[in-house]
Amino acid sequence: MTSPEQSELSPSSVWPWVVMAVAGLVTFVAAMSVSPDAVQGQLSRIMYVHVPAAWLAYLAFGITMFGSAMYLWKKSLKWDRLAHSSAEIGVFFTGLAIALGMTWAKPTWGVWWTWDARLTLTAIMFFVYLGYLALRRTTDNLEVRAKRASILGVVAIIQVPLVHFSVVWWRSLHQAPTIIRPEGPDMDTSMVVTLLIAVASFTVMYVAMMIKRMELAHLEDEITIEEQSHQGPAAGDAVVAPDLAGGV
Amino acid sequence: MTGFWTQAFTITRRDLLRERRSGEVLWVTLPFGAIALLLVPLAIGTDTRTLEAIGLGMFWVIVMLFGVLIAVRQTNTETQAQRDQVALAGIDPAAAYVGRSLASFLLLVVFETVLVFVTIVLYDIPLVGFEWMPLVILLVAAGLSLLGTLAAGIVSTGRSAAALVPLLVAPLSVPLLIGATQTFESLRYGRSSLAWILMMTIVTLLLGVAGVLSARTLQETG
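Residue numbers (the working numbering), protein chains in the order written: chain A, 1 to 248; chain B, 1 to 222.
Check each hint, because a few of them may be wrong.
A short list of chain B residues far from chain A (calculated; beta carbon distances all over 10 Å) [stated by the list, open to error]:
{"#": "1", "residue": "Thr2"}
{"#": "2", "residue": "Phe9"}
{"#": "3", "residue": "Leu17"}
{"#": "4", "residue": "Gly23"}
{"#": "5", "residue": "Trp27"}
{"#": "6", "residue": "Pro41"}
{"#": "7", "residue": "Val118"}
{"#": "8", "residue": "Val121"}
{"#": "9", "residue": "Val128"}
{"#": "10", "residue": "Thr201"}
{"#": "11", "residue": "Thr217"}
Below, a list of computed lysine to any residue pairs in the SDA-like style, where the Cα atoms sit at most 20 Å apart [said to hold, decoys possible]:
{"#": "12", "chain 1": "A", "residue 1": "Lys74", "chain 2": "B", "residue 2": "Val212"}
{"#": "13", "chain 1": "A", "residue 1": "Lys74", "chain 2": "B", "residue 2": "Ala210"}
{"#": "14", "chain 1": "A", "residue 1": "Lys78", "chain 2": "B", "residue 2": "Thr221"}
{"#": "15", "chain 1": "A", "residue 1": "Lys75", "chain 2": "B", "residue 2": "Thr217"}
{"#": "16", "chain 1": "A", "residue 1": "Lys106", "chain 2": "A", "residue 2": "Lys212"}
{"#": "17", "chain 1": "A", "residue 1": "Lys75", "chain 2": "B", "residue 2": "Glu220"}
{"#": "18", "chain 1": "A", "residue 1": "Lys78", "chain 2": "A", "residue 2": "Ala217"}
{"#": "19", "chain 1": "A", "residue 1": "Lys78", "chain 2": "A", "residue 2": "Thr224"}
{"#": "20", "chain 1": "A", "residue 1": "Lys75", "chain 2": "B", "residue 2": "Leu213"}
{"#": "21", "chain 1": "A", "residue 1": "Lys74", "chain 2": "B", "residue 2": "Gln219"}
{"#": "22", "chain 1": "A", "residue 1": "Lys212", "chain 2": "A", "residue 2": "Thr224"}
{"#": "23", "chain 1": "A", "residue 1": "Lys74", "chain 2": "B", "residue 2": "Arg216"}
{"#": "24", "chain 1": "A", "residue 1": "Lys78", "chain 2": "A", "residue 2": "Val144"}
{"#": "25", "chain 1": "A", "residue 1": "Lys78", "chain 2": "A", "residue 2": "His218"}
Quick partial rundown of chain A residues pointing at chain B, CB under 10 Å, derived from the structure [said to hold, decoys possible]:
{"#": "26", "residue": "Ala117"}
{"#": "27", "residue": "Phe126"}
{"#": "28", "residue": "Val128"}
{"#": "29", "residue": "Leu130"}
{"#": "30", "residue": "Tyr132"}
{"#": "31", "residue": "Thr138"}
{"#": "32", "residue": "Glu143"}
{"#": "33", "residue": "Val144"}
{"#": "34", "residue": "Lys147"}
{"#": "35", "residue": "Val154"}
No wet-lab data here; the hints were simulated from the structure. By construction, the Cβ of each residue, glycine as well, lies at the ideal position given by its N, Cα and C atoms.
Model the full assembly from the supplied sequences, consistent with the hints where possible.
This is how it looks when you write it as structure tokens:
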């Protein structure tokens, strides 16, 4: 068993932070190097963080489903930790995608929020996974928590295709698919390349964040087990068996 | 022990008997839903054209929000001791899930049927495509009852269970809400609504499969 002190000294505790910083820097440099959009100007640079954040949300919730399904199959807590860590990161990036989208929408559409299918369904997906995280806090029993959360982790994935295809199914204000479409990307090549660099950097960042979060989740589980193994004094503990032999 | 469906119907009968004694759905939730439909015009104004346009949408929103209360009512009514007794009686957890869902389904069908008439009367909504209404009511009731029973099973004994279940069910019921509203929206504009019906059917089937497959695991969590 690795103690918290040992974990802090292990090599993995440093390099994920370095990877996250480098991935963030690469995205920043790429987004600032490309020419601004002819119509939207500097505002278009938001896209290089907004799109990768949305992609990471899909990826993270997909991994949550995978981890949940694997837990239900294998009953190993490491899969539950994978699902939990990924859901937490997914919620963060969903929130980031929503916040950046709203920042872009105000100068472009004139409002922070509009009742567009993509926006509304993304917000609902955010709440579904917040519910998943809330559910995990309802019990301290690791096995019970893992079983319940895993079932929700599998069911909740239904939101992802709903969000993704919302721009196809409804007349949406939100942009329709621009990169992955049968006719090829509908975007300048330099912008496509920058976007792909940002997506790749964010994916690497996700892996680094997952490593750190799973280490933390492992420690949290160990602390919970440790706390639960320390039983408090029970009634009757002070009572000892009488010495019937009358020994000295 | 008896067969799967006998066990399921026993649980359904138990839940319906409990409802007959308490009247929680028919005498509390249903009037509460009707009151909500009455309050909307007070809040947005009494322009009849606006009310006509939003009436059906309001109906489905109220079905979703109040239907959740019906679908998850066992979190409040069923104690741990009762759940243990069902388990010790050797009832198949999947049969118990189906039985509970079936009871919720029947109550939801009654709830929706009454409220749709209330909506027609209060909002004077156009009855375009209403021949599809029975099917949509059945699909929404089935989906919501399966989802609610599953969520109630997931949260059953945790901290703040009663508060958490609606938080889980309301967002996850969105595919049903979208399917129900878009079915009539499509029909109003002369388009086919089969894609939306199909979506609701698939979601309902997926929820049913998820509930049956996870029933034993959830029973183990107590």
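Hints versus structure:
1. Thr2: It holds; Thr2 of chain B is separated from chain A by about 27 Å at its closest Cβ, greater than 10 Å.
2. Phe9: Check passes; 25 Å lies beyond 10 Å.
3. Leu17: holds, 29 Å
4. Gly23: holds, 30 Å
5. Trp27: The claim holds: Trp27 of chain B sits with its nearest Cβ about 30 Å from chain A, beyond 10 Å.
6. Pro41: Fine: 21 Å to the nearest Cβ keeps Pro41 of chain B off the interface.
7. Val118: holds, 26 Å
8. Val121: holds, 28 Å
9. Val128: holds, 20 Å
10. Thr201: Fine: 14 Å to the nearest Cβ keeps Thr201 of chain B off the interface.
11. Thr217: violated, 5 Å
12. A:Lys74 to B:Val212: Holds. Lys74 of chain A to Val212 of chain B sits at ~19 Å (cutoff 20 Å).
13. A:Lys74 to B:Ala210: Roughly 17 Å separates the two Cα atoms, so the pair holds.
14. A:Lys78 to B:Thr221: holds, 18 Å
15. A:Lys75 to B:Thr217: holds, 11 Å
16. A:Lys106 to A:Lys212: violated, 35 Å
17. A:Lys75 to B:Glu220: holds, 13 Å
18. A:Lys78 to A:Ala217: holds, 9 Å
19. A:Lys78 to A:Thr224: Cα-Cα ~15 Å, so holds.
20. A:Lys75 to B:Leu213: Holds, at roughly 15 Å.
21. A:Lys74 to B:Gln219: holds, 18 Å
22. A:Lys212 to A:Thr224: holds, 19 Å
23. A:Lys74 to B:Arg216: holds, 15 Å
24. A:Lys78 to A:Val144: holds, 14 Å
25. A:Lys78 to A:His218: holds, 8 Å
26. Ala117: holds, 8 Å
27. Phe126: holds, 9 Å
28. Val128: Val128 of chain A check passes; min Cβ-Cβ to chain B is 4 Å, inside 10 Å.
29. Leu130: holds, 8 Å
30. Tyr132: holds, 8 Å
31. Thr138: holds, 3 Å
32. Glu143: Hint holds; Glu143 of chain A Cβ to chain B Cβ min 8 Å, cut 10 Å.
33. Val144: holds, 4 Å
34. Lys147: Lys147 of chain A check passes; min Cβ-Cβ to chain B is 5 Å, inside 10 Å.
35. Val154: holds, 7 Å
Of the numbered hints given earlier, the model fails hints 11, 16; all others are met.
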